[in-house]
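If you want the building blocks of each chain, they are given just below.
Number of protein chains: 2
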Amino acid sequence: MYRPEIKLMECSIRDGGLMNKHQFSYDFVKKVYKAVSQAGIDYIELGYKNSKELFSPEEYGPWKFCDDEDISKVIDGVESDTKVSVMVDVGRVNMEDVKPASESPVDMVRTAAYVKDIDKAIAMANEFHDKGYETTINVMAISRDQGPDLDEAIEQIESECKADVIYIVDSFGSLYQESVAGLVKRFKKVIKSKEIGYHGHNNQQLAFSNSIEAVIRNANYIDGSIFGIGRAAGNCTMELLLGFFKNPKYRIKPILDVISEEFLSLSEDIEWGYHIPYAVTGMLNEHPRTAMALRASEDKDKYSDFYDSLINSSMD
Amino acid sequence: MYRPEIKLMECSIRDGGLMNKHQFSYDFVKKVYKAVSQAGIDYIELGYKNSKELFSPEEYGPWKFCDDEDISKVIDGVESDTKVSVMVDVGRVNMEDVKPASESPVDMVRTAAYVKDIDKAIAMANEFHDKGYETTINVMAISRDQGPDLDEAIEQIESECKADVIYIVDSFGSLYQESVAGLVKRFKKVIKSKEIGYHGHNNQQLAFSNSIEAVIRNANYIDGSIFGIGRAAGNCTMELLLGFFKNPKYRIKPILDVISEEFLSLSEDIEWGYHIPYAVTGMLNEHPRTAMALRASEDKDKYSDFYDSLINSSMD
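Chains as they are written, first to last, in this note's numbering: chain X, 123 to 438; chain A, 123 to 438.
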C-alpha cells in the first residue's frame with residue numbers, strides 16, 4: 123500500500139518563521155524536533171542560512187541564520203532518525219558560513235530560487251553537494267513562471283546540477299491539481315537523475331490535495347508543516363499527510379500532541395491559515411505580500427475592496 | 123473556458139443550520155439570499171422540510187421546517203434568478219407538507235438517503251417530481267457504502283427514479299480525489315438520463331479539490347457554502363468555487379461582502395471549519411458525531427486521546 127521512496131519534510135520552523143521573524147524559543151524548537159523525530163518524519167527544516175550582514179540578529183531570531191551551534195542546542199540529546207535541513211535563498215547567504223557537512227549537524231541544504239536565478243542556484247547547490255550535503259533546488263513561484271524559461275531551467279538542472287531533489291514550489295498557493303499533474307509530468311520528462319519534490323501553500327485549501335496529486339504523479343519528496351503553519355495561508359498540514367501515507371514508520375500521535383500543547387496557543391499569537399485575502403491572492407495568482415499587509419492593517423476584513431485593488435492594479 | 127452545464131448550489135443555511143438548530147434570523151437569511159442572488163449562483167438551499175411531529179418548533183428554528191410562508195418572507199421583493207431548494211431526509215418528512223410546486227416558492231426538493239434507504243428515497247423523489255419540482259437524490263455517507271449495494275442502488279436510480287440529479291455525498295469528509303474520480307466514473311457508467319452532483323465535507327481540507335475532481339469527471343452540480351459553513355468541518359467554500367469557475371455570470375464580490383459583514387461575526391458564535399478532531403474522523407472514515415461531542419466538552423483539544431478512543435473503538 124505504501125511507496126517506500128516517499129520522504130516527508132517538516133518545515134514549521136523555517137516557513138512558519140516567516141510570520142514571526144524566526145523568533146521561536148530554543149525550547150519550542152526542541153519540542154518540535156522531538157515530536158517530528160517521534161513521528162518518524164524523514165527531514166526537518168530548522169530555518170534559513172542568511173547572511174548576518176543582510177539581516178540583523180537583533181531583529182531576527184536564530185532560525186533566520188541557523189548557526190550550527192544553535193541547531194546543536196536543540197537537537198543534541200534527542201533520539202532521532204530525522205535529518206536536519208536548512209534553506210538558503212540565492213544572494214542571501216555567505217557561502218563560507220556553510221562548513222563542510224562532516225563538521226556540521228546539518229544533513230541537507232535546500233537552495234530556493236526563482237526561474238530567472240537558476241544558474242546561480244545550480245552553482246550554489248553544486249557547492250553544497252561538494253561539501254558533502256544532500257541538496258535540493260526549490261523552484262519558487264512556479265505558477266508565474268510556466269513559459270519556455272522553465273523548460274530551459276529544467277534541462278539545465280538535469281544536465282548541470284548535482285542536487286538530489288528538485289522541488290516544485292507553489293509559493294502563491296495558486297495551482298490546482300491539474301496544473302500540479304502537468305508540472306510534475308513536465309519535470310519528470312526531462313529530469314531522470316533526481317527526485318521530484320512538491321511544496322504547497324494553502325491559500326485555496328489545496329496544499330494537501332496538490333501534494334497527493336504530486337505523489338500520484340511520482341513526486342517522492344513532500345513538504346508539510348504542523349497544523350499548517352507557514353507564511354500567510356501556510357503549508358500542507360503534516361497531520362493530514364501522516365493520516366494519508368500508510369508507511370508504518372510514520373506515527374501521527376506525537377504531532378497531535380505537539381499541536382495540543384504548543385501550536386494551539388501559538389496560533390493565538392501568530393496568524394496563519396485560511397483567510398479571505400490569502401484566498402484572493404491565490405486565486406488571482408499574486409504574491410501574498412499585499413494580503414499580509416492588509417491583514418496587518420485596520421482594513422484586514424475589507425475583502426471586497428481588497429479584491430478590487432488587486433483587479434485594478436493588474437489592469438493598469 | 124467554462125462549461126455552461128455546471129450549476130452551483132449554495133447550502134449555508136441548510137448545512138450550517140446543523141450547527142445552530144437552524145436558528146438563523148429572517149434578516150440573516152434574507153442577506154444571504156440577496157448575496158447569493160447577486161453572485162449569480164444557480165440554487166440556494168434554505169433548510170430541511172422536517173415533520174413538526176418529530177422536531178419541536180420551540181427547540182428548532184424555521185429552517186428546520188421550511189414552511190412556504192417562511193421562505194416567502196425572505197425571498198419576496200429580492201431580485202433574483204436563484205432557484206430555491208429544500209432538503210428532506212427519508213423518514214422525517216410529512217409528504218403532505220410538500221404542496222404542488224405551482225403553489226410553493228420552492229423550485230427543487232432534494233432527498234437525502236443512505237444506500238440502504240434508496241427504495242424509499244426513489245419513491246419520495248418520484249412523488250416530488252410528480253408534484254412539479256426539480257428533484258435530486260443525495261446518496262449520503264458514500265465513503266462507507268462502496269460495496270455491491272451501491273451498484274444496485276445506482277442501477278435502481280437509473281431505471282426507476284425520475285430525479286434530475288444524483289449527488290455523491292462525502293458526509294464524513296473522507297474521500298480523496300482518486301476516490302471521487304472513481305465514484306463519479308462508477309455513477310456515470312450507469313446513470314445516463316440524469317446529471318451527477320457532488321457535495322463535499324472539509325474535514326481533511328479536501329472539499330474544494332474533490333469538487334474540482336468531480337467537475338473534471340463531468341459532474342455538473344456542485345454544492346458549496348459561504349466561508350465553508352456547515353456541519354463540523356463544514357463544506358466546500360463557495361468563494362473558492364467562484365474563483366475557480368470562469369462562467370461570467372458568477373460574481374464573487376457579493377459573497378466576499380456577506381462574509382465581511384455577516385459570517386466573520388457568526389464564526390465567533392458557531393464553530394465550523396478545520397479542527398483536528400474533525401480531521402481525525404475524516405481520515406478514519408468515521409461519522410463526525412464523536413468529534414462534535416468532543417468539541418462541545420472540556421476535552422475539546424485533547425486530540426491524541428480522541429484519536430486513541432476512535433482507534434480502540436474500531437478494534438472492539
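No lab work stands behind these hints: they were computed from the structure. Any given hint might turn out to be false.
Which copy is meant is left open, so a pair is good if it fits within one copy or across any two.
In silico DSSO-like pairs for lysine-lysine, Cα to Cα no more than 30 Å straight-line [unchecked claim]:
id	residue 1	residue 2
1	K195	K316
2	K316	K422
3	K422	K371
4	K152	K221
5	K156	K422
6	K375	K422
7	K284	K424
8	K205	K424
9	K253	K195
10	K422	K152
11	K307	K368
12	K314	K195
13	K152	K307
14	K424	K368
For this structure, which hints from the list above don't hold up?
1, 2, 7, 12, 13
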